[in-house]
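Enquirer: Use these hints to put chain S onto chain P, whose structure you have.
Sequence lines, in order, name chains P and S.
The UniProt record's numbering puts the first residue of the first sequence at 1, with every later residue one more than the last.
The UniProt record's numbering puts the first residue of the second sequence at 1, with every later residue one more than the last.
Incorrect hints may appear among the rest.
[Said to hold, decoys possible] Examples of chain P residues lying across from chain S (beta carbon under 8 Å, computed): (1) R21; (2) A29; (3) A30; (4) T34; (5) G41; (6) I84.
[Said to hold, decoys possible] Once the Cα atoms are required to be at most 20 Å apart in a straight line, the calculated DMTMM-like pairs of lysine to aspartate or glutamate come out as: (7) S:K685 / S:E642; (8) S:K701 / S:D623; (9) P:K23 / S:E80; (10) P:K49 / S:E80; (11) S:K208 / P:E46; (12) P:K49 / P:D65; (13) S:K358 / P:D191; (14) S:K208 / P:E42; (15) S:K242 / S:D350; (16) P:K2 / S:E642; (17) S:K58 / S:E181; (18) S:K213 / P:E234; (19) P:K2 / S:E80.
Calculated from the structure, these hints are not laboratory results.
Backbone N, C-alpha and C define an ideal beta-carbon position, used for all residues, glycine too.
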Amino acid sequence: MKILVIGGSGLIGTKVVALLRQKGHQVIAASPSTGINTITGEGLAEATKDTDVVIDLANSPSFEDNAVMEFFQTAGRNLLGAEISAGVKHHVALSIVGVDIMQNIGYMRAKMAQEDIIRQSGVPYTIIRSTQFLEFIGGIANQATKGNEVHLSDVKFQPIASDDVAAFVAKYALAAPTNGIVEIAGPERFDMYDVATRYLKYINDPRTVVPNDQPAYYGGAVPRTALVPAGHAELGTISFGKWLSTQLQQA
Amino acid sequence: MKNEGGKENNRHSTPGKKEAETLIQTVEDYRREKEILLALSNELTKVREKNDLLHLFKKGIKGLFYISHTIITLIDYKDETYTPFLLDNEGSPIRTHDRYQEMVHSRFSLNEPFIQSVLQASAPISFLLKEVMDLPQSPPFLQVNYEKGVTEILMTKLMKEGKPIGFLHIYTDKPEGFSAEFRSIINGIVPQISGAVSNILKNEELLKEEKEKSFLLDFSSEIAAVRTKDDLARAVHGAFRKLNPSGGFVIRRINEDKHTLSIYVYDMPNVKNRKIIKELENTSFEMNDGLQNRILNSAIPVLLNTEREIRRGITSTYLQYWKQLGIENFVGIRLRNGETNLGILLLDIDEINVRLLKGICAQISIAMANIIANDQVSKTQGEQAFLLDFSKDITRVRTREELQHAIFTVLDKTMHTKLAMIRVLEDDGIHLSAFMYDKSLFTKVKDQFDNMAAHRITVDEPYTAQVLASEEGIMFSVEEEIKSGNDYAGLWRSTGLKNMYALPLRVGDKSIGTIWILANRLSPLLVKGICAQISIAIANIQANEKLLTYKKKLEIENDYLKEQIKTIYNFSEIIGNGEAMQRVYRLISLVADSNTSVLITGETGTGKELVARAIHNASGRKDKLMVKVNCAALPANLIESELFGHERGAFTGATDRRIGKFELANNSTLFLDEIGELPPDAQAKLLRVIQERELERIGGKQTIRLDVRLIAATNRNLDEEVKAGRFRADLYFRLNVFPIHLPPLRERQEDIEPLANFFIQKYTRSTGRKIKSISPKVIQKLRSYTWPGNVRELEHLIERSILLAEDGKIDDLFIPESTGTDKTNPALLLNRSLDEVERSYIIETLKRCGGKISGTGSAADILKIPGNTLHSKMKKLGISKSDYFS
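Same shape as in the complex, but just chain S:
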């Protein structure tokens, strides 16, 4: 039953008193109605919010008339629906209905007969629920109310500027329904209710805007105080807590590579899985993954569905994690400062308040840009400060170890990388050898690296050539180099770093080497600065090392020269024109110019060293010092190090690097005296050096090429030594290329007098004595002596004679008495008297017989003389026990 119209007009109009009473009643009713209307109107104009209106319905209307409950619905024209706006939460009987929540959130279509009839009615219109609820398309709330005992509904449309904006629903569960008076009053206050609803809407809008503004204002003042990333995290965290207490947020920043984004600050309160957090924290996500780039390209916030994005084929792992975490929807917004994208903000929320989010993001973006700029500035300052320190450190560096420490530290601190290699150009200007590197960088490929590092390369090696030719160095992409088949790239790849930065080290315009640094990205300015410092430091160290080497060499040469001054015959010419010596001179002049090894043999004191020196002085090497090694004078265990040198740490006690005599004699002559005394080990090594013309220091890896002319000398018969196995045959043949035999003095009688005169002159000079002449007797004596000590003995004899001479004349010679022990020396044998011969033979026999003088097996027995005779002979010759028990 529809019942339209303001008032029912069903009152009886009987004449008389009753009529008068009725009239009075009617007037009274109108008066009451008017009062109610007035009161309600006054109340309605004060309504500002939902609660006011609710209160009015409850107290103002419900107090006067019976109704079960009222609600107000609003029309949404965008989809032509109406939806609950104001609900009577206390009085409504349908609150306990199963479908109550559904009703509260439903949007009911305007395009159905029930509500259309309300829209077309010009006044409140009532319906009996049981009549309308089952009509096709009728809204379900009619049924719901009916099921909770409601019988009738009074629908009134609310109008604003001639257009319906919503409906006032009034329900009753009383069978008598709504009275005419009630309908009339409702009709009367509809404009005020409409006005009140508009006011509430406007007010809510204002409040919402107000709230947003104050929120943004608060946020803005918090952001203004932000100085660091942590501050930002706190401020953003606080703000989003207010908006959505349970949801998290993530700010990702575009990394320096401009291709990826990494987490910057975040708060994920619902995520308890540490592993996932760690994974999300430590991964750089590809910018163009189909999602992040969409957010970055969108001027407005984007609402995203995790499942849909995964189905779209976006493979970035964070989506999988979010799915695991149960995040269904999220909002993505770009963070942008001016025209530059900084990153994205991801929010775990389901709806978008564009204005608010844009406000928040603008603030975050500015803060983020400031922090990044700030970080950049302090990073730059830090780097500069560090470079300054580095520069100071570098100036103090004197040794490789100090430099290594300084370089490793600076690379680690400023660039978080390690030194791959510094190669330094050698003196020849062609080869580059490894100078310094950080072994820890290549632990995975240690052997290969050691191999390649030990290999000396030349400036023509393609990569080195490129680097040396470049002005400011070259960057090699490890991936590309692998493709192009670079041998080194394999090593590089093992480090996991992407690029190899190679720069030339230069001092002024001069290249001194190359530096190789592996990193993903380096600041070119920084690298350049550091390289300049390193170049200077290396040049200093090289100069320092060179200086030390020279110093050492000079010291050794100096020592050696001092020694030489003491020992050598102080004349440069060999005295003697005899035929034997002429032969020697000829040999010297033949061999001197060549580089042939010479073996000088001859008895002791025959002047082997003088001949060696003469050969050296007549050769092209005469400008350099001839180096002499006396093989007999060195202990067996030192001889190798003496000859070949050693590296620091090669053996216990090797505290320093030592340059061997061979190296010292480079480009000169090495004179190996007493070669026959060389121990077998050293012989082998010597042979190798002679054959290969190169050597390695003991404990060293580097081979050193040599150009040494070898002269060996010995007073032994090397032939016999070889036969006896004491001297290596192969070494002997190497040495015996050009043998020169020096004759003993007794075979060059004619030279004795000139030699004697020479020595007299020499020693008169040095002693200050004046010797005018030598007596002929003395000359005769010199000639008749056999000179077992040869020229050296002659020299010493003359020296002694000068010292003993009186009156400036040498009258006598003090030729030593033979001790009689050295019978092997033929020279000694020849000069002995019979007594001497007899004496020494008896002593020798006694020694053989263990001192037994008589009896069987005694000396007397061997000598075939009676024991007594031997006794008396011993007494006569002065042979005591000490002679044969020595």
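Pulled out of the complex, with its shape left as it was, chain P reads as follows:
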């Protein structure tokens, strides 16, 4: 099959591209640097030509509310427009667990807009809603840091390793379109502050985590269980501990 991976040079993208190529598929890793730009439309028509599956893993270069909304809407419309014209048979996109209940956060509104564009496009699709990646923990701790303290809540948190995410994406891309949402998550559920504490301790970070009971995600108040799957979800195989050990090896 010919598969186009938008955002093919990113964290998940490179892994998905490698996985699919291993399986012998003709994969195009699209990114502005390889001449395929979903915002300007450059190279899009050629890239989607004779393509069976498009996997959209692209992320906005800016996280400002308006910019991120503009990015996902423009990219989504351009990409799906090109897919319709090229006769693409399956559109796979990566979204976020709880995106629909965190609409107070600009980024979530933009991701929801992206999902809506996919649902309304008429192209057969599979939307994969994932929990946060384990790779995000450092970043989450950083944005919650004041001085030497990291203020994090007991919001429920079930992070998944990017390798697991990539494997799920590749799996769904090769399966028939579900025309619906599937949820994926890590194998274990924590309180957010707990994960951060363990992570910082593991990497010998001097900051201390101060737990609170105001569940929030990147500054936006969210329900305590917003970030974890409510119903059935496919769970990754890489546990927090296992992941931590590989991190240390790399570091």
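Expert: Leaving out everything else, chain S in the frame of chain P:
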């Protein structure tokens, strides 16, 4: 056999002279190598384009070492492949291979052992083709080269910023392969070659950008000069010719209805089929057809496949035509000015250069918006100029024909439509009749239309009521009206137009009618302007027509009055108090107030007209003029038109509309004198009018309701006329509702003296003579006369006597001598002398006998007197031949 490494180190190191020679040779070799490297490096730094590099390979490398050919391939990381970039078009032995073109355009995977080993090698690495070409996943070019006699390949990876960007392939068909020196030199110049390739790439990119920019600049200056649609077509045509000489383009514009798009400008050089072009030119394509709306909603150009779009279920006919024309793929881009979509551009090309197309489309969009705005302005100006002309025309309009011409022209020119109908409110303020319409609009349903147009409607007719009640008119959708069962909508639909615009015609606040215009779309402002003008024009024409009618009526009345002055007895009262006249007076007063038809009979000169006038003057209609028609005085062929009027063109010579006496007598009295003389045709028609109380003008369709009081008079005995078949019995009964018989003067002896006195007074006044008295002898004479001409004769006799009187006294009367011919008149018979009787009887007999005086069957024979006696009697009585041969 893999052979890796810079130099082979297989030189012998025997001591002595040979060693020294070898050393010198080695030094010499190094020196030569260094020189070559230096020279190549210098050359490589100058490389800016593919040709420079090719030249260098050909002259610089091939001149020094033997190789068969070289190529350079570049890595594309997006799909992890490498593909030919630079080809040795002259030296390559594989150019004649069947698969050469395939090789040139192939993308070879990086994920296979052969190329992976090249990537992992740190220096140029050579392979014997026969050893590697059949390994699994090996690229096919190895096999292709082998088949053309190539034996060995030297692969060198080209690096940029620590990352491989491509490969230098060097081939040889010599069994000795590549020398160590050659390998060493190649290894030495790899960085420069890599740099050269980067330079070429950068340069090509720059050139391409440069070309695009200059193209857009050229296009921009051409577009700047565009003023009209044709200019635009030329500019766009020129630009796309440069980009793609064989392909066509189409610009479709969103139509005013905002639902469809139609061709605006196009160039389809490959389309020879006129029919298809015409079809594409003349069709409005639905905007939301599943394709055009996608293009309009896409911010970026869309590459489309004709077959796929058809399979998707898009039914717009243009796709079918394109399929027929063999257009497989095409590009669609929206044309947008600011936030407004203007249309779409469709291009017969297979690939998209987003930057270039966006640049072109931005320019086209601006030009198009300008042209459209320009067109709009000049159209508006044209309309305004035309309205001005129309306004001037309208002020000159005096007749319907002129107005019709002005309206038809203005509707055609400004709105490309025709007048469906103007209905005008009649004087009663209730009925509306057809005033003007364009028959050519309804040719398909002519009969039905004529019917409906002839039908007078009232202001309560639902559609008319709505229109009259509306401030600025109403638009009816023909489709919807059909559904709601409007009778008129059927007519409307036959024209194929979508909407009926109905507006009230008003002058000031007063509605004067309605105007109905069929069109798909009308500019409300324009319609309003035109309607205001039309209203005034119609009001003027109506006033004008009314004026003309009044004028004509007054003229007729005037003529008539003049005639009346000449003829009527100039007194308003009837003289005479005798018993016979008392009876007449009583009848007059009985009948006057009613509307009953009256039949006045009596001998000539008995004053039938006076009685008719008395009835009229005593009736409620006395304020209006009584109209008199003398049926005997009119030629048979004119009498109908005289009575009932005629329309213009009703018959030869009917150059004008004429109002008949009946219409003239509306709300008044019509006096039909000498009714007994009316020809049978006219009798029939008269009967109908009396029965129906309405008439139609000759040649007219409109029926006119009448309220006319009828008084007929005759000196004939209508009973006998009916029996003789000369007068219709039914008409007689209609007329003879209230008969008044006027007695002859000889039966009212007592009235003779007052009448005589009356006439004397009348004529002394008018002649200026003074008549003091009438001698008793004369009075006696008046009384003894039988008055066959009745009162009229008396009047004339008095007039004559006054003129002949001397000394202010009437001494004698000049009662006419009888001519003796009129023996049927009993009055005349009574006054004759014996001689007169004898004379007239002889003349009559002679006439009967054809002038034969004597002999058998002669007058003498009939009179039973001898012929001689007759002769002498004739001589005595003065009977000449002229008397009986007249």
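Enquirer: Please verify whether S:K685 and S:E642 have alpha carbons no more than 20 Å apart.
Expert: At roughly 12 Å apart (the allowed maximum being 20 Å), S:E642 and S:K685 satisfy the hint.
Enquirer: Would you mind confirming whether the straight-line C-alpha gap from S:K208 to P:E46 stays at or under 20 Å?
Expert: Roughly 18 Å separates the two Cα atoms, so the pair holds.
Enquirer: If you draw a straight line from the CA of P:K23 to the CA of S:E80, is it 20 Å or shorter?
Expert: holds, 14 Å
Enquirer: Straight-line Cα separation of S:K213 and P:E234 no greater than 20 Å?
Expert: It is violated: about 52 Å lies between the C-alpha atoms, which goes past 20 Å.
Enquirer: Does S:K208 pair with P:E42 here, judged by a C-alpha cut-off of 20 Å?
Expert: holds, 15 Å
Enquirer: Does the closest beta carbon of chain S sit nearer than 8 Å to the beta carbon of P:T34?
Expert: holds, 4 Å
Enquirer: Sort out whether S:E642 lies within 20 Å of P:K2, counting only the CA atoms.
Expert: Roughly 99 Å separates the two Cα atoms, so the pair is violated.
Enquirer: For the hint on P:A29, just tell me whether its beta-carbon gets within less than 8 Å of chain S.
Expert: Hint holds; P:A29 Cβ to chain S Cβ min 5 Å, cut 8 Å.
Enquirer: Would the pair S:K58 and S:E181 pass a check requiring their Cα atoms to be no farther apart than 20 Å?
Expert: It holds: about 18 Å lies between the C-alpha atoms, which stays within 20 Å.
Enquirer: Taking 20 Å as the top limit, are the C-alpha atoms of S:K701 and S:D623 close enough?
Expert: Distance of about 31 Å is beyond 20 Å: violated.
Enquirer: Straight-line Cα separation of S:K242 and S:D350 no greater than 20 Å?
Expert: holds, 15 Å
Enquirer: Does P:I84 hold up as a contact with chain S if the rule is Cβ-Cβ below 8 Å?
Expert: holds, 7 Å
Hint violations for this structure: numbers 8, 12, 13, 16, 18, all remaining hints satisfied.
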